[in-house]
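Two chains, two frames, some hints: make the complex.
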Amino acid sequence: MGTRHEIELTLNGAPRTCVTEARTSLADLLRDGLGLTGTHLGCEHGVCGACTVLLDGEPVRSCIVLAAQADGCAVTTIEGVAGPDGRLSPVQEAFCQAHALQCGYCTPGMVLAAQALLDRTPHPERAEIDEALGGNICRCTGYVQIREAVELAAGEAGAR
Amino acid sequence: MTGYRYVSHPGPVREDRRFVTGRGRYVADITPPGTLHVGLVTSPHPHARITGIDASEALAVDGVVTVLTGAELAKDTEPLRQYLNVPDVQWRPLAVEATRYAGEWVAAVVATSRAVAEDGAELVQVDYEPLPAVLDPERAAEPDAPLVHPAHGTNVMTHREFRWGDVAGGQARAAGSVRVRTRWNRNSTVPLETFGVVASWDRTRDVLDVWASIQMPQFPDQLAGALRLPGNQVRVHFDVDVGGSYGVKRGIKHGVLAGYLSRLLDAPVKLIEDRAENMHGGDFHGPDRIFDVALAYDADGTFTHLDIEVIDDEGAYPGRSPLQLAKPIGAIVGPYRIPSATYTATAVVTNKTGQVAVRGFGQSPTNYAIEAAVDAAARELGVDRLELRRRNFIRPEEFPYRIPSGTEYDSGDYPAVLDKAVGIADWLALEARRDELRAAGKLAGIGVATCLEPGGGNAIFENLMNPENDKTTFPEACRLRVDGGGAVTAVIAISSAGQAHDTMVATLAGEELGRDPATITVVRADSLTGMPSQSPVGSRMTIVLGRAVRGAAAELKAKLCAIAAHNLGTAPEEVAYDGGDVFVRGDPDRRLTWAELVAIAQRKQHLMPPGLQPGLETLYVAHTPRSGTLAEPDGTVQLYPCYSFEAHVVLAAIDPGTGKVELDRYFLAHDCGTVINPEVVRGMVYGGTAHGIGVALYEQFAYSDEGQPLTQSFMDYLLPSAHEVPPIVDAEHCTPSPYTSLGQKGAGEAGYMGAPAAVAGAVNDALAARGAPPVHALPIKPVDIWAALRAPGTEGDPA
Chain A
-12 MGTRHEIELT LNGAPRTCVT EARTSLADLL RDGLGLTGTH LGCEHGVCGA CTVLLDGEPV
48 RSCIVLAAQA DGCAVTTIEG VAGPDGRLSP VQEAFCQAHA LQCGYCTPGM VLAAQALLDR
108 TPHPERAEID EALGGNICRC TGYVQIREAV ELAAGEAGAR
Chain B
4 MTGYRYVSHP GPVREDRRFV TGRGRYVADI TPPGTLHVGL VTSPHPHARI TGIDASEALA
64 VDGVVTVLTG AELAKDTEPL RQYLNVPDVQ WRPLAVEATR YAGEWVAAVV ATSRAVAEDG
124 AELVQVDYEP LPAVLDPERA AEPDAPLVHP AHGTNVMTHR EFRWGDVAGG QARAAGSVRV
184 RTRWNRNSTV PLETFGVVAS WDRTRDVLDV WASIQMPQFP DQLAGALRLP GNQVRVHFDV
244 DVGGSYGVKR GIKHGVLAGY LSRLLDAPVK LIEDRAENMH GGDFHGPDRI FDVALAYDAD
304 GTFTHLDIEV IDDEGAYPGR SPLQLAKPIG AIVGPYRIPS ATYTATAVVT NKTGQVAVRG
364 FGQSPTNYAI EAAVDAAARE LGVDRLELRR RNFIRPEEFP YRIPSGTEYD SGDYPAVLDK
424 AVGIADWLAL EARRDELRAA GKLAGIGVAT CLEPGGGNAI FENLMNPEND KTTFPEACRL
484 RVDGGGAVTA VIAISSAGQA HDTMVATLAG EELGRDPATI TVVRADSLTG MPSQSPVGSR
544 MTIVLGRAVR GAAAELKAKL CAIAAHNLGT APEEVAYDGG DVFVRGDPDR RLTWAELVAI
604 AQRKQHLMPP GLQPGLETLY VAHTPRSGTL AEPDGTVQLY PCYSFEAHVV LAAIDPGTGK
664 VELDRYFLAH DCGTVINPEV VRGMVYGGTA HGIGVALYEQ FAYSDEGQPL TQSFMDYLLP
724 SAHEVPPIVD AEHCTPSPYT SLGQKGAGEA GYMGAPAAVA GAVNDALAAR GAPPVHALPI
784 KPVDIWAALR APGTEGDPA
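Residue numbers (this note's numbering), protein chains in the order written: chain A, -12 to 147; chain B, 4 to 802.
Hints are computed from structural coordinates only; laboratory data are not their basis. Owing to the predicted nature of the structure, the values given are computational and were not obtained by experimental measurement. Where hints are given, some of them may not hold.
[As the list claims (entries may be wrong)] According to the in silico footprint, chain A covers these stretches of chain B (three or more CB under 8 Å from chain A):
hint : region
1    : 13 to 20
2    : 182 to 196
3    : 243 to 249
4    : 495 to 505
5    : 708 to 721
Every residue gets a Cβ at the ideal spot worked out from N, C-alpha and C, and that includes glycine.
For reference, chain B alone in the conformation it holds in the complex (with noise of 0.2 Å):
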């Protein structure tokens, strides 16, 4: 990439240094003095009635200082946010009354190490009363089905049906349709930290400190909120590294039980989920859908129509995990040019943990159940897979391009870039390969899917799936400050989970001022002394982040303009910024550099321009791009700024006997517009490559029909290993957006968007060969395989 000094060059990665030395600090790390741990008591049962609590055992236990019951901390706190208008279902960090899942907390054991607190929870005796429980999604929005929340009336949070486009005449002129029903089970991003928070309540200055592994739009004002706390009574510091998140970092119940303890005990108070909370109490499982699509096309294969029906489970406590099912209606006709388009979807409840945001806030089970649909009908219609993306894909020259839900993709050249995809991995090798190992005695397919990654994200999806929801702000912020001897440190508020976020900073504020980005020091304010900030969701950061940066920088500029035109006896607007020094144009022999003009702003009062403030600090606050506008009553609305697309072309070799799949080539093209650092571009998307290859074939929280979780550790829920990942081929093309301050757009989901539904295209394509029907669920464990070889009329049939 040409044209920048420092953008987009191969350059170190500054975090780096100090994590393989290990001197990361996460949340674990930091033990204030006197710290006292949290172990937790929780459900057994799916569904319970607690009738009694009896914790005199486990306060007799050398250590233990309280037993805290949900009953107690209920008096003294606020539910947790909702985002539906669903008053009746309260949401709290220790189980009232009732539990609603197996694995939800029900009371805390505070203790002086965190082996005394679980000593304490197991002698804490609970008395239940099993209650009907309700585990599968679609009977759970049946009218006499096992209420979760009987005061709410309904397992039912939302229904919402949207039309868009000529619907009618969509259907009218299509000559056939495909339908695909895609099952996206339960999973989430389990990232290796587990959920931790450190409250510590200085009773003489009235303030709550809070370090956390948090990745959350506002913890602070939410944890301030529970706790009826002032705001500035909550000072949460976002310079704790977070051993990784992916969307699901929002222990907001976890704060809010260690901030009332801390209160409650005047003491710094520490909780530290052990994996199994983690996996069954964190309220942190990810999307959990039955898709039913429909896509209708003419004679040629040109597609008229879609229609998405969608239910997601949100386990018992949905939060602001409904929301996810209105993010796809930003890109939910995909990379393709469909007409019309209809979507149903349908948001319950039912007795599992929570559902929390996921990697792509529910674009990438869309994109799954979009790509299964296009894969049917190139398999319906008898035309080749890339044939028939191309022959719908927008076209380059369409953008900006309105698609019929309302939003306006920026920018795209999506046929370049799954010519990108097929030339990396030499399609007619890859066939040969294929065909080699099918020769071999193994099943084979290639898989191919092309989707798109939103970014920039905004929170409009609030307003779209609770219209009395009227946010529009979703802003982002940067401060630019250059000290007495010139150094600049750039200050950001938000935590960063892995994102290198210091070196996108430190390069943007290097670029946009001319200045090498090794001298600029980043550093985090905390919820106090910082700015507005919603953190690192929704692939936001280069975009609104860089926005922030761009208009800190401006204003940092103009004023070193102003000090020089002065100085130099001319306008303002007759000078130009030089990396630092400022020059008349059309004489740049007149100039003062930097430490000149540094020494005016900070020493030299009778050489500043009368009215200019001392110092060199500019703040800027950021709106995202592209928003503050509500939707419109039929759901349409520009929701994310930016548009990445990807094209993965995947093949996979499977062992008949056994059904195990194993990836034996993996090849991705990817366009996010201007890269800002190739070296953490390229490491998302092998990450969240490999991330979706767990979700495609390994990873599921799985349940009993009782409700009992099945997956009760790593053993069971499986995280992809280096054996399972294999080597990820990568180019990246670029199509810059005309609605960032580089051209840049999002990276955090990418690799995730599309390899999910790659991967199950690889086997389908397989399993199609042999004459076997397609597996539409996610994951497809060997037994899944095993079955559709002895599926009726296939090969196997065992009739």
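Isolated chain A (complex conformation) (with noise of 0.2 Å):
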């Protein structure tokens, strides 16, 4: 259906070629191209940011960015946060220390969301945090731990 398009990303820190329709989105693209399921959809029209993954480490709805778009970018998802040796970001490791969730499904964004934050603001203020997870909708936590974990994670990397 469409046309079709060879892009080239760097996919969690690997070259990658794909081959993909012009109406396909990144998240399709990610989930059903390659698999990388952790990146959940929740609305596909761009609100509640379930689908967060960053692109040249911005946050973005890969649910309204064609994979397309993504033609020369490198793509992180929540599968390329934590080590090659399955140890866990600091993000990652403050999100369970708080318990950050509960459902998981709004996690990956999340985790990602907050990645970015701190990636640019290394000790956010409170105001900072609400603002950049603003957009990430949470159904079961009520946010009170995520701010907590982001919180974590900020004192841990300011500690390093």
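Structure, rendered in structure tokens:
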């Protein structure tokens, strides 16, 4: 259906060439084409943030980014956050410590949004945390432990 | 909390690791080879006769495999289960002959990908003949209203009137009363994951494998029944992560449709709702109610009688939802000592999407109605809201306390918990903050709510609303097995939607056995290899599954003791279990270790007591505590076994120009008895509170007068984000339940039970300070506040 495009990505640090239909979203390419099912679809209209991935380090909603638009970009999904040995990132560790999740459906997007925040603002104020996570809906936690996790991760990052 | 080795201690939640790495396994992640995908054709009309369906264009699309209509599906399947006695109300996955709400599924297109299925769905031509629709529940109850199900003859599905206690006496003692009409508009839990199902028929084995994002009692049985299959040919897999549910993930129609298609096409079939299908066609809306409450009190402000009349809009297909009118009967007087009550409950159908079980099963709307009346009484009497509540609380020494409708509350200390909430809020400082906001030109008000969370759900409300349904059994089960190396595995047969059941079961099994929970594996059996289970509904798992874990552990320990006694040359009653070892009472040096006992049980028949089975595997199926009794003709019955309590204190600030509400401070004290894992419980409390904030201020499935859904997406149906949910401060209190294994009560609906009432109370407190009338309809939108500030007689009255 429609035209097909060959695109080149740096996916979780590794170069990758993919063929995609023009209409395929980045989320569908990641999930259906590449088997990276850690990216979750919540609304498919760019509101809930569950499908957040990092495109050249910036959080985007992969449900409203076309796969073809990611040509030449570095894409980080939740599968690329932990170390190659499986060691959790400080953000992931903090999410576990604070129990900043319940059902886990928003969690990959939330972890990536938090990561992007801490990458640019290592010691965010509470308002900055709310702003950074404001586009990611969590229906389970009420955000209290998520805020705690981000602050915890910021503290640990600062301690290193 | 002391006294327990593992329970109540802060500890990691074992599920979290896989979720933070994106390794959860949700139904959308499951795609067997050769899977076909479903797209849906939905009705644009709220009520219409289907006069023709032309699928030829869709079938011509490359990749479209088939198009199924409701008439075809109905030939080979049974209607979906109704819990009321309404045989002419037929609920099916695809509409047959007529559609009864905008968004209802009319046909299913099956294709090689979801995208192609959607292409096909756009090309299916359906001819409709529009019919009159009814949207307003009170209008629907009138005799001349358009009928949603003409064969049934009325839109009223059930109407029940109850009178409990000395009603005449309670009314006669009253010196006054307040009347409040509250509107709980249509909302739902709206999980971030829509509903999904994968069904795969194996014609060589005659088994339908089903993976679904399910949280539903009897799902396997009902699926098999509707598909006309014996139950042992349907295998529902419970090792599927569910991306949020809070009650609603009951996709029986989705399961029947996918199961039928898989058998028809001899291929795995996957149906993952998109957000629009979920919001308008999934039959996943929640309670939609109008309450008329009258609270009578004597000259001292002591409550003497409570009258509640409620009408609930079930949408087009009632299913299990009318039973949500019955559960609140178990806490119909809230935490208050009210000697008599009357309750009139009416369920009607309208041309809206169907209603389903939502977090609390009707309790939160009822709590909101009661608390609105209590606040109104305080305003009327000129008594402080905290004082009026304290004056009417059931006292701690009065438990167990039987309320007029027959339920006995197990335990509680309501004054202490309210004091705790007031304490952490630092009430005087909170008032000072309120005054500071007012001085800065804002409206500001403090809200209070005190209410119950029934826990340990059973299904006796089925019998209460339909005496022909005499079901009293609602069990949970756990199997414990110890392998040849001594490692313990706990087997359960439910799916989970974020409740951390693996952590809970490992913690409880570890506590009961005296073994480190970190060494205990928890696995999920499927519906054919598993045990009786009713799924995690009604805040019941710590209570009922906890009872099953205790039972299985007790049997395991008894077996170990029997083996030890036999080998130590003494009687079983002379030995004691100690963290895996068994020793002789009075001579603790005579003991056998866990490893020795395991070796005997698994490998040394010659050392086993005669008659004992080899191996170490025990199964315990537990009844819900305090269940097993049918309702009396007057509706009195023990509903749930345990009653958690919570007290909310919230400060709201409102911009008088825009009517926008911001929650400035949020405090809550909560008592669910013995806490299994503190991190899990506080997460439940915060999350339920945030959900309740959404109900109070933002969330509504709105319809136009013509029956078209106005909330088409998350741009219109507003879920609270980090901007809307303030920091919530929770203090836990523990009044153990005498009826559970370790004193635990339910927590799955915590926060949600009282947040809508508390937030509404805060807004109304702010309005009252400006002389404006209270708003008694949720969600309270900026326009409602704007209008209240300009109501006749207020400062802003334009006249």
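Exercise. Run the structure past the numbered hints and jot down the numbers of the failing ones, going up.
Key: none
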